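Per this note's numbering, the sequence shown starts with residue -3, numbered consecutively.
Calculated directly from the structure, the hints in this document are not laboratory data.
Since we're looking at a predicted model, the values are computed, not measured.
A virtual CB, placed ideally from N, CA and C, is assigned to each residue, including glycine.
Check the hints yourself; a few may be wrong.
What the hints assert, rightly or not - Across the chosen pairs, the derived CB separations fall in these ranges:
no.: 1; residue 1: Lys220; residue 2: Lys436; range: 38 to 48 Å
no.: 2; residue 1: Gly122; residue 2: Asp219; range: 40 to 50 Å
no.: 3; residue 1: Asn492; residue 2: Lys124; range: 42 to 52 Å
no.: 4; residue 1: Thr333; residue 2: Gly122; range: 45 to 55 Å
no.: 5; residue 1: Glu228; residue 2: Pro112; range: 34 to 44 Å
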Amino acid sequence: MNEKPNIILILADDMGFSDLGCFGSEIKTPNIDKLANNGLKFSQMYNTARCCPSRASLLTGVYPHQAGIGHMVGNYGISEYQGYLSNNTATIAEVLRTGGYRTQMSGKWHVGGTAPLKDGENWNPGDKEHPTPNQRGFEHFWGTMAGGGNYFSPKTLMDNNKKIDVDSYDFYYTEKITDHAVKMINESVIDSKPFFSYVAYTAPHWPLHAKNEDIKKYQNVYDKGWDKLREERYINLKNLGIIKDSWDISERDKDAENWESVEHKEWEAARMEVYAAQIDNLDQGVGRIIESLEKNNIRNNTIIMFLSDNGGCAEFLAEDTNTPDDLMFDVPLWDGTKLKMGNNPNIKPGPRDTFQSYDIGWSNASNTPFRLHKRWVHEGGISTPFIINWPEKIKKNNIVERTSHIMDISATIYDIANISYPSYIESNSIIKLEGESFFKNLLENQEKNRSKTIFWEHEGNKAVRKGKWKLVCEEDSEWELYDMLADRTELKNLSNKFPEIVNELSKEYINWAKRIKVLPWPVIPNQNKKELVREGTNHIHEIK
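Input sequences plus hints: build the corresponding full structure.
This is the structure we're talking about:
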């Protein structure tokens, strides 16, 4: 390669497997679809089932526990569960800078410890337990330190290392992330260096906030309900060749109602209209990023990768504004306006002073044809559409069936940029990559299978993927075994038929959990010392 390519990594937030047009959706995503139709679509790319663990794995190329984020961003007093990126890992930005890249980020960080939404004055980003993007390799950063939040008035906004506030009624976070991504690209052209841009949208994570002009595009589209939507997307996925005809669609989630029995159909449909509008606006942003590359005559040698951090989200919110609990997101807007918190059918979703989620039924549709949601490690929680587009090197529309993991992306980027992964950064020793490059799949058109087994653990949910076999366990339930070639929708449990495979893979899981230092769930701060074998809690759908 004569010239190192520019690399743009775009991450959606809580977007399900079938939420893009090129992956079977009715949501209008023409710009992302164009990337897919002139590039590669990976049908078996996995994440880690949750926002911050996925981001940690994506940025460092190791398992989230190794990166310090074995659960979320809370600090449990144990290095694997400290809630912020470990100094013994190297981020993509840190590694690429050693190879002469300019590095920049726009959007959601969420790998830098807890960020109090209600008491921002007493929070110090940049200290030991709250590392900022600027401290982890990014020369330029604009975005939020925390996870989900209000799109019209987000908290924890920063411009590089400076805290900033919203002060405009025109502010919409998805668009601002795009604005700054485009600005950084334009500034990069002045510099002769290749650049790496990490664009981390919060869309379509709750709350349901969208612009009226985007919501109007989806008026009445979802009146048919989530059952019909799942059927339509399932057919589309098969027609597109993303899934096999022989895979049956999973049953409706046991916690979701039959659409015919739903009481507030108009309100439920309105929730999905707003969710679709959020993705629509994100796609518009991708279009603007592509346009900036074309205007600067750098499109051909710029790689764009697109994916989501986890599956669709089934979390619901407090049902009215009189909840006795102190909700961390119940923070007035920048102009003092109070929020109408919760999934209340008497409140229309979408406006700046509301705070709602789209809930289990629609999440189930987003994750078509798979089971379960964000947080779980069945396919619905960990499967993401993954698209890679590189006009100079990738010439055709292909579907790649290689089993891949989000931590493979960094290894692939280093391969593409021809940059060695370091053993040390400053005085810190860096642990070896767990990710495995799929570079040959891109340029040599090889269906090279992943040689390493993939493991998962999140909140007691566990899984192993080795070749065609997947061993999976929902919290404190028994192990389930599935043949992913014949039954990726996980409907035919073969654990009783092949006990020897269950035994083999479960032993591999235990050895991995010991090596990675996974703790029993729920993790008790400063107390747990033994490795996780099989612990758990009940279903958790509610977020407060």
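Structure-based check of all given hints:
Remark: the range hint 38 to 48 Å for Lys220 to Lys436 is upheld by a beta-carbon distance near 43 Å. For the hinted restraint 40 to 50 Å between Gly122 and Asp219, the CB-CB distance of approximately 49 Å keeps it satisfied. The beta-carbon spacing between Asn492 and Lys124, approximately 50 Å, falls within the hinted interval of 42 to 52 Å. At about 30 Å, the beta-carbon gap between Thr333 and Gly122 misses the expected band of 45 to 55 Å.
Range check, Glu228 to Pro112: Cβ separation about 42 Å, and the 34 to 44 Å hint holds.
Hint 4 from the list above is the single one not met by this structure.
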